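For this one, chain A is given, so just place chain B on it according to the hints.
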Amino acid sequence: MAEGFDVKRRGFFGAVAAGAAGAAAATLPGSAKAQTPPAKPSVAAPSAAQKAAESEPLPAMEATLIKRSGSDYMVDVLKSLKIDYVATMPGSTFRGLHESLVNYGGNKVPELLTCLHEEVAVGMGHGYAKVAHKPMASLIHGVVGMQHGSMAIYNAWADHVPMLVMIGNTLPSEERRPGAEWAHSAQDNAAMIRDFTKWDDAPVSLSHFAESTVRAMQISTAFPQAPVAITVDGSLAEAEIAGEEPAIPKLGRASPPMGDRGALQEAAKMLAAASFPVIVLDRSVRSEAGLANMVALAEALGAAVVDKGGRMNFPSRHPLNQSTRAGAVLRAADVVIGIDANDLFGTINSYKDRIHRVSEPLTKTGVKLISLGTFGTPLRANFQDFQRYQAVDLDIVGDGETSVPVLLEMVRSAVATSTAREDRVKKLGAAWQTEYDRLRQAATYAWDESPIGVSRLVMEIYGAVKHEDWALTAPGTFLSNWASKLWDITKSYQYLGEGGGYGVGYSSVASLGAALAHKDVPGGGRIPVAILGDGDFMCAPSILWTAAHHKIPMLIVMHNNRAYHQEIMHVQRMAARHARPLAGAQIGTAITSPNIDYAMLAKSMGVSAEGPIDDPAKLGPALQRAVALVKSGQPALIDAVCQPR
Amino acid sequence: MRKITFAAAAMLLASPAFAADAPGDAARGKQLFVDQGCYTCHGFVGQGGPGLRLAPDPLPAEAIAAYIRNPAGEMPPISAKLLPDQGVRDIQAYLASVKKPPKLADIPLLKAGE
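Chains as they are written, first to last, in the numbering used here: chain A, 546 to 1190; chain B, 4 to 117.
In case anyone wonders, no lab produced these hints; they're calculated from the structure. Nothing here was measured: the structure is a model prediction, and the numbers come from that model. Positions of the beta carbon are idealized from the N, C-alpha and C atoms, including for glycine. It cannot be assumed that every hint is accurate.
[As the list claims (entries may be wrong)] Footprint (simulated), chain A over chain B, 3 or more residues, beta carbon under 8 Å:
(1) 60 to 68
(2) 72 to 86
(3) 96 to 109
Only chain A is shown next, with the shape it has when bound in the complex:
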């Protein structure tokens, strides 16, 4: 159905479609035939008899049937955009489109994914796009579903990730059934998410729908990438199409913007002349080629690299990777270039959470700052995810991954081999080695403890997957970043970075979508690894059911510290400021009494699971068993009871 799908259908095919629907209706539910998509109609012109039949008055029975509705056309639009998946929690505001996706579209390209909460339906798309590098769509119930899904849209917005959010609605008041349908309709459904979407529209005709949906995709995938929304009017979707159907505009291939050559040349000169250049990365790399270029740039310059971890930007064990020594290298820097790093201020300044906020530059006076990226200029004003303003000497607007190859060539011709540079590289390499050994030593503490130490947890997981084609799907901050410190991370898809808006629940929902994208990788065999905090997971435990239902293999390991641990520390801080007991910080933050049995929870949703495991010696074997299950094509969960961080 995907390839060569004819998107220029006409009303006269209705007879063919109705015939197919009739055949399907006659079969038993669940039979293979009932799920077979309708046969692709022939493209022959209508015969005179057909034309005559269409103009004749309809018999009574026919009057209650629709030949082809707007929603069928909408499916054609989605097919033309080659959207692989539409994730949804069902809702009546888009029932027409739902039915068309399944029966008319044959539930393929796009395939409907069943989610049990809109946060999952939207958030899946976030993780999916970070692996597949293309958007998927979510189909969200008007008003109420939007409110459930909106945080996940915000996370994607702040993380500069493309996605198409389709919102159900019923615009004409006379079309709304009294009751729920009024409560689920809005004048302007996208209003509530407009501050964190790049573009939206509420089309009032099919032609308008086609044009705006194609445009929405174009805008979402242009840099800086971000979510977009299309409100799907239920009355437009459900109404029979009368007359000629509008053609569907083509989605052109857009090239990412490259920085201005003159400015890149200037940057190359500044970097080449630097005595201690530092490269700061955040959401900088998307592909293996991009990664190779980033490594080549650092090596050509002999620059220290500070990876803020918004994506997998630099090999973890490359000697120029000085991320855990950021303070030391930034203090030594005379030129710093941030590439797609939108919190340069927070990187080059220390900022202490004390009663009196203290912030000091880490860099020395006179340091030259260069910024290269597409998110230096905020697109919206209300939500403050753009971080603090940082003045720079040279601000180059351009996509990092696209501009770096050019910058690299310029650097190569500007940089001279010098003993100073070689000396610097040697020193950085030695510092890396010392740091690596220090971190390995640090990981030994609490190694045999129960609850399980976090370094032990993370390294046991590594032991279980390191000979596989593994890919981490969730952020590592709450795991003291042990994976980026000690795992050998060499491929761009092996770590997806932080969640953008820091909205709790991201790790779980994005991991599900990332796992789906990993499943689709040609050749297969990837082992998605989601190490999830209990607080994050309980925002969206139903990811397990969706993973089981759609057979999405993924290894889920609960970093179960039985608390919203970050918040305990915040409340403690407040108590300490008043010299009031810190013990009270457990109230409202601890997830104990009763303890949640995650293995039981997983099993109830059809996911194989083991736990709770609090004996570190038992963790490795359990993980091996779980990895075997994942390799057989299913999700598996291990509940590890852990130290806080």
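Frame of chain A, contents of chain B only:
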């Protein structure tokens, strides 16, 4: 004895006399380490996390008291009202009782280059 960090050493010099009292009680110290919330940032056995590693081989009680009552960094100040000298001594005794971790060389999962 572990090397005293610069921050902790500076505080030690500036601190008022540390009340000489009963020796530390490790069992009580373990309870205090949890109740006073030290474990959240330093881990249940003081292995470190958002806060520094405190054990094994902890700082002397005087240095701990001096640091926590007037921390130089992001650690929230823990006043003597919340944790009197005796409590600090107990915590120090607990941290001193934490057994050493296995040797790095004996942990295959932490082998260099693995």
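Do three or more residues of the stretch 60 to 68 of chain B come closer than 8 Å to chain A, measuring C-beta to C-beta?
violated (count 0)
Just to make sure I understand the rule, a stretch counts as covered if three or more of its residues have a C-beta closer than 8 Å to a C-beta of the chain. Does the stretch 72 to 86 of chain B meet that for chain A?
holds (count 8)
Check, residue by residue, whether the stretch 96 to 109 of chain B contains three or more positions whose beta-carbon lies closer than 8 Å to a beta-carbon of chain A, and give the verdict. holds (count 4)
The earlier numbered hint that this structure contradicts is number 1, and it is the only one.
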